[in-house]
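> Letter by letter, the chains look like this.
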Amino acid sequence: MKSEISGDVPWVGQSIKRKEDHRLLIGEGSYVADITMPRMLHVGFLRSPHAHARILRIDATAALALPGVMGVVTGQDTAYLGSILSDLSVPNLPGETKRPIFGPLPLDEVKYVGDLVAAVIVQERQALEDAIDLIEVAYELLPSVIDAEAALRPGAPLLYPEWGDNVVYHQRLEKGDVDGAFASADLVVRERFRGHRCGATPMEPRSCLASFNAAEGLVLWLTTQRSHIKRHLLAEFFKMPDNKIRVIAPKDVGGGFGVKAPLYREEILVCHLAMRFGRPIKWIENRQENLQNIGQERDQIHELEIALTREGKILALRDRMVANCGDARVPIYVSFAMPWLGMMYLPNGYTIPCVDIDLTCVVTNKAGLTPSRSFGSFSGRFAIDRIVDIAARRLGIDPLEIRARNCIREFPYVTATGVNVDSGDFLGALAKIRDALSYEAFRAEQALARKQGRYLGIGFSLGIEFSGLSSRILVPMERQPGYGVATIRVDANGQVQVAHGDQPQGQGHDTTISQVVADELGITPDDVNVISGDTQSVPFAAGTLASRMGGYTTSAVLLAARGLKPKLVRIAAYLLGIEASGPENFVFSRGEIVWRNDPAKHISLAHVAETALLAPTELPPGMDGGLNYTAHFEADTNGMHSCNVHGVIVEVFPQSGQFDILRYVAVDDAGRAINPMVVQGQLHGGIALGISNACFEEYVYSESGDQLATSLQDYLIASARDLPHIETVEHNVPTPHNPLGAKGKGEGPTGMVPGALGNALEDALVPLHVSITEMPFTPERLWRLVEAVRD
Amino acid sequence: MYPKPIERYFAPSSVAETLALRASYPQAVFLAGGQSLLPLMKARRIAAQTLIDINGLRELTDIEVGTDVARVGALVRYRDAVEHPGLRMQANVLVDAALSVGDLQVRNRGTLVGSLCFGDLTGDIAPAAMALGAHVRIMSSTQGPRLVPVSSFKGEGLRRDEIVTHLEFRITQGRPAGAYIKYGRVAQDRAIVSAAVHLVLGASNCIEQAAIVIGGVAPGPMFARSASQELIGRVFGTETHSAVAAAASVEIVTQDDAMASAIYRKQLIFLAVQRALQRSHVTRGGV
Amino acid sequence: MKQDVAINLNGEIYTGRVELRTVLVDFIREVAGLTGIHVGCGFEGRCGSCTVILEGVAVKSCLMLAIQADGAKVLTPEGLARGGELHPLQTAFRDHHGLQCGFCTPGFLMTLYDYVKDIVARGEVPDEVQIRQAMAGVLCRCTGYVNIVAAVRQTIDRLNAMTPAERQKWFPL
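If you read the protein sequences in the order shown, they are chains G, P and Z. Taken in order, the first sequence gives residues 1 to 791; the numbers are from our numbering. Taken in order, the second sequence gives residues 1001 to 1287; the numbers are from our numbering. Taken in order, the third sequence gives residues 2001 to 2173; the numbers are from our numbering.
Please note: incorrect hints may appear among the correct ones.
[Unchecked claim] Here are a few chain G residues that face chain Z, going by a calculated C-beta distance under 10 Å:
(1) I26
(2) G29
(3) A215
(4) G217
(5) M677
[To be verified] EDC-like, lysine to aspartate or glutamate: derived pairs with alpha carbons at most 20 Å apart:
(6) K19(G) / D2095(Z)
(7) K1004(P) / E780(G)
(8) K1004(P) / D177(G)
(9) K19(G) / E2085(Z)
(10) K2002(Z) / E780(G)
(11) K2002(Z) / E1007(P)
(12) K2002(Z) / E1251(P)
(13) K2073(Z) / E2128(Z)
(14) K1266(P) / E136(G)
(15) K1004(P) / D2095(Z)
(16) K1004(P) / E787(G)
(17) K251(G) / E2078(Z)
(18) K19(G) / D2004(Z)
(19) K1004(P) / D2004(Z)
(20) K2117(Z) / E1017(P)
(21) K2073(Z) / D1256(P)
(22) K313(G) / E129(G)
(23) K1266(P) / D1256(P)
(24) K1266(P) / E780(G)
(25) K1004(P) / D791(G)
(26) K2002(Z) / E787(G)
(27) K1004(P) / D133(G)
(28) K17(G) / E2012(Z)
(29) K1004(P) / E1017(P)
(30) K1266(P) / E787(G)
(31) K17(G) / E2019(Z)
(32) K2002(Z) / D177(G)
For the record, the hints were derived by calculation from the structure and aren't laboratory data. Every value quoted in this text rests on a predicted model; they were computed, and no experiment measured them. Positions of the beta carbon are idealized from the N, C-alpha and C atoms, including for glycine.
Please model the complete structure; the sequences and the hints are all you need to start from.
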């Protein structure tokens, strides 16, 4: 902590420029694709052209005859490895869970277009498709099912016949007297919402490079968010000791957003192949594979109803929620963890005392769902924000007012689904959005515009965003820890190294962690070297997920730095010849440790460090050498959350269905922003993803299961020209549950978009009586809605 | 994602040399801007065992705007076309179309003639060229040059010793006006529907020639004949855009596909023609 | 079929014997070892992360064969800084937090190199729509583009404040 003596401006809270930027700007980022090793081979995959088929025969003779082809590996060759999913990699949730049995390569059946069939190993990567094209496969086509509701009907084709149905997970979550609430309600609003299949695919596709040798064992360079967890799972799968495996997320991972959290079959296979061939094996996914196989999420149907009083107070919620999980062969998440969390967050930031949510997670012949920013809640947040607006309109209550009447006001608050919301201020945020968008003036402008035949609209969304998940949730759920952890080491020259458990994919962790350490130890962020991603060097942790950095990991970093201080000041006092005393008697400032009682008595951190490391005989008697400290941080609550409100103004052109987003404003709670510029960047990016998902992106499947959006020509990621300017307004409410009061940021902004945007579109089209219940918000969809009402 | 193996690559520096090569290798594929060809090669839908790279043909990099004919060489990039004031004055529809293609990088490298050669029904240059009544000028080693209307030309229609050297259109007396409007889902998208309008005005602003061509429809860009006909004889500025646009929408047959439905395309045709006519007013060339 | 290719990358000649089908981005990354540009898509050439400056203009290096650039001068992000000083674009990106994971950043730097060089030469001051239009050929998943627009504005302002000679230094190609 800074004292009044030093007068230093704290680093925490400053928008300092990022340390990461320099290398990235001069072309010296290091991503997995940039790494080469001697004798390296390349692997590519033959993938299924069919949605559901039995593999009768694979003939790789012609492929193997091609020069430079080192091998073709099929399910027959990998069957002995066994099944991937275990207790460690299947979520353990209340409700009924089924476990798909599968190995790295299918032995007999392919279950979606894009499914793995065979691995081809070559010397020159350009030859991969030459070889793949020559492999002949005989398939027996099987009936397929694409639609989730169709998959639930009796007689539907089964993906896993041993299950007897297509349900991978089911839970009914009930709390309170829901029937009674509905019976006594003044208004019941019922609506069916459809969230389409889209997700957060990052710009860097999956990449990995595995090698196995006598010196190091298995070493896997991997674009991942969770090095330690993957190492642990690989150890279990290959029946190897953990300490003979090293997983390294390189310094630069090109975006993750949840998509790089699961352990994928391909990644397991690449490790296997490295061991089988005794040479490093590199796999770089191309965009077609990437779009076909990962990043597909959302894809939920909500038949939602809420019961309200005539004053607009929500009494209860009922939802029949159906999630289309694809083939669900996604280790760690099994594609149902996301819908489950979506269910938990369905009430969102609204105080709804009674709930009855029935969640069915269905398997179909589509790619399995993989986590994507917003993690299962994108569709549900759309639904709840929309139904609140629909209710408001029917009751004649203003949309901001109905939110003020139903938002969480007293904290902490536990939702009917069991989510603990520790701190926040929705009322204040609502006031800020009203102000930022000049709400009353807008309504006047809107009325005038309507007379002129122009369709302006405004819409809002309200939401909570988690800051990490505590061990109390993660341990029972996944047998994984929720703690943040950091190990700090001081070098002999007084610079610092911090190793932490959450590797970054662009979020600026290096910079924000450096700011925290710099404040604690009175140094500059440039004096701090942050290490992450390499299981050899960083303490065990669950990895980057659920926006845990801001709340959990930075807290661990801070505690680790503080943990060093007693020893540092004891050494300082000893070398200064003053009575030993605690850290509260010293100020750390500008590289010096200064005695409060007499600032003339000070000693540099470098001097203390040099003594501790190089000259332990000069330390206080009985004191060991070295300057390291490891701290774990676990919040004393199940959930730290931020409370946010977004608002959008649109103009719709009913003749074409096109619309412009005139303003997008996010009122955001970061608790305490360690680096406000970084927080803002997370908001921009999260919201941009939300808009792109809501408006342009869809993983389209034909009725027979062909994937129609397997290139960026068809899976339309928004460019700068397609997106609006995004404004952000701070409304920070520190959490009382960690030392800095900081909250995580990243996952939340995306899920706020579809409700706000959908509400704005419907508001614009009020004179045309259009109801927005489906995404994506394509011009054709809007035009058809207008035309349908006209007819 | 990697092309099939290429056995031979040539980079001739004259049209004559190019024709000789093509005659020797009838299956050879021409490579100009590559913005359409490279993706097809990388998707392995085209196997170019022999590639003739014509980027070195300096004689095809010019835009000539004369008194009665204009020629755009086969190696003219979109960027060059957009920056040519003479071309904009005579053929704003073509310049508008070039501006709407892809993105900055694609426009730096891609060529207008290349777009025509791919016969892609959603390409932007074909409708604009058709609205101009343009032809492709084809040279051969054995015969004199021939002109083929863009409306009936497809890239594979070249004989074994031929190459397209220019896009060519007549410049008539009278003042040109025109525009190209494209509806796509995102900025880089191909056209769901587009409208190319080219008008020639005579004395007293009377519309003497009018061509409305609709792009993005199958099997290729279509003339909206009735709608175009409605414009002839009217005084420019007094024509009813919505009536003409409605006529175009009615006469063009549209299709359902992954991008849009047939019925929505009809609506977009109406809007695109309307906007193209409005824009023609703004950008008309001549005196 | 393989052929020798020599390309001038950032002022240095790199040579290699490559298959005719080798695309330019793979030559730059794997033969020359300059991994500053990236490959983010498949056959479609839509992501823009591979953009380089060739013959003075921004092109997608995944949509050209390496052999086509034989003897040509190419500029990549590694060649933007001059005399140890960052290019105004690079500085602006850092000042405005115009990058997060960095994967698409090379695509923006090289596309905008072309764009701002051209804009400043014409003496134009683009509005937000025009800047976003110029950026449409590079896709980003992290930043939402807002800060990149700000970085472009700062770059144009800074270049406009320079003398032509100073400006010239930043645009060797």
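> So, for every hint listed, does it hold in this structure?
Quick rundown of the hints versus the structure:
For I26(G), the suggested interface contact is upheld, since its CB lies about 6 Å from the closest CB of chain Z, less than 10 Å. The beta carbon of G29(G) comes within 5 Å of a beta carbon in chain Z, closer than 10 Å, and the hint placing it at the interface holds. Annotation: A215(G) was flagged as interfacial toward chain Z, and the flag is violated, the nearest CB pair being 25 Å apart, outside 10 Å. The criterion of a C-beta within 10 Å of any C-beta in chain Z is not met by G217(G), whose closest approach is roughly 27 Å, and the hint is violated.
The criterion of a C-beta within 10 Å of any C-beta in chain Z is met by M677(G), whose closest approach is roughly 5 Å, and the hint holds. The straight-line distance between the Cα atoms of K19(G) and D2095(Z) is roughly 11 Å, inside the 20 Å bound, and the hint therefore holds. A distance of roughly 38 Å separates the Cα atoms of K1004(P) and E780(G); the hinted pair therefore is violated under the 20 Å criterion. The hinted pair formed by K1004(P) and D177(G) fails the criterion: a straight-line CA distance of about 66 Å is larger than 20 Å.
For the given pair, K19(G) sits about 17 Å from E2085(Z) by alpha-carbon distance, which is consistent with the 20 Å threshold. The suggested pairing of K2002(Z) with E780(G) is violated, with an alpha-carbon distance near 49 Å, which exceeds 20 Å. A distance of roughly 8 Å separates the Cα atoms of K2002(Z) and E1007(P); the hinted pair therefore holds under the 20 Å criterion. Under the criterion of a C-alpha separation no larger than 20 Å, the hint pairing K2002(Z) with E1251(P) is inconsistent with the structure, at around 53 Å.
Between K2073(Z) and E2128(Z) the CA atoms are separated by roughly 32 Å; this puts the pair beyond 20 Å, and the hint is violated. For the hint pairing K1266(P) with E136(G), the CA-to-CA distance comes to about 44 Å; that exceeds 20 Å, so the pair is violated. Pair hint K1004(P) plus D2095(Z) does not hold up; C-alpha atoms about 44 Å apart against a cutoff of 20 Å. Distance restraint check for K1004(P) and E787(G): the Cα-Cα separation of roughly 48 Å exceeds the 20 Å cut-off, and the hinted pair is therefore not satisfied.
Using a Cα cut-off of 20 Å, the hinted pair K251(G) and E2078(Z) holds, with the two alpha carbons roughly 18 Å apart. Taking the CA atoms of K19(G) and D2004(Z), the gap is near 40 Å; set against the 20 Å cutoff, the hint is violated. Simply put, K1004(P) and D2004(Z) have alpha-carbon atoms about 19 Å apart, close enough for the 20 Å limit, and the pair holds. The straight-line distance between the Cα atoms of K2117(Z) and E1017(P) is roughly 36 Å, outside the 20 Å bound, and the hint therefore fails.
Between K2073(Z) and D1256(P), the direct Cα distance comes to roughly 46 Å. Violation of the 20 Å bound is thereby established for this hinted pair. For the suggested pair K313(G) and E129(G), the alpha carbons sit about 60 Å apart, so the restraint of at most 20 Å is broken. Straight-line distance between C-alpha atoms of K1266(P) and D1256(P) comes to about 11 Å, which keeps the hinted pair within the 20 Å bound. With a CA separation close to 12 Å, the supplied pair K1266(P) and E780(G) stays within the 20 Å bound.
The hinted pair formed by K1004(P) and D791(G) fails the criterion: a straight-line CA distance of about 53 Å is larger than 20 Å. Between K2002(Z) and E787(G) the alpha-carbon distance is near 59 Å, which puts this suggested pair outside the 20 Å criterion. Distance restraint check for K1004(P) and D133(G): the Cα-Cα separation of roughly 10 Å lies within the 20 Å cut-off, and the hinted pair is therefore satisfied. The suggested pairing of K17(G) with E2012(Z) is violated, with an alpha-carbon distance near 32 Å, which exceeds 20 Å.
The suggested pairing of K1004(P) with E1017(P) is violated, with an alpha-carbon distance near 26 Å, which exceeds 20 Å. Only pairs whose Cα atoms come within 20 Å are accepted, and K1266(P) paired with E787(G) is accepted, the gap being roughly 13 Å. With a C-alpha separation of about 43 Å, the suggested pair K17(G) and E2019(Z) falls outside the 20 Å cut-off, and the hint is violated. Note on K2002(Z) and D177(G): the hinted pairing is violated, with a Cα-Cα distance of about 75 Å set against a maximum of 20 Å.
Going down the numbered hints, you'll see the structure goes against 3, 4, 7, 8, 10, 12, 13, 14, 15, 16, 18, 20, 21, 22, 25, 26, 28, 29, 31 and 32, while the others check out.
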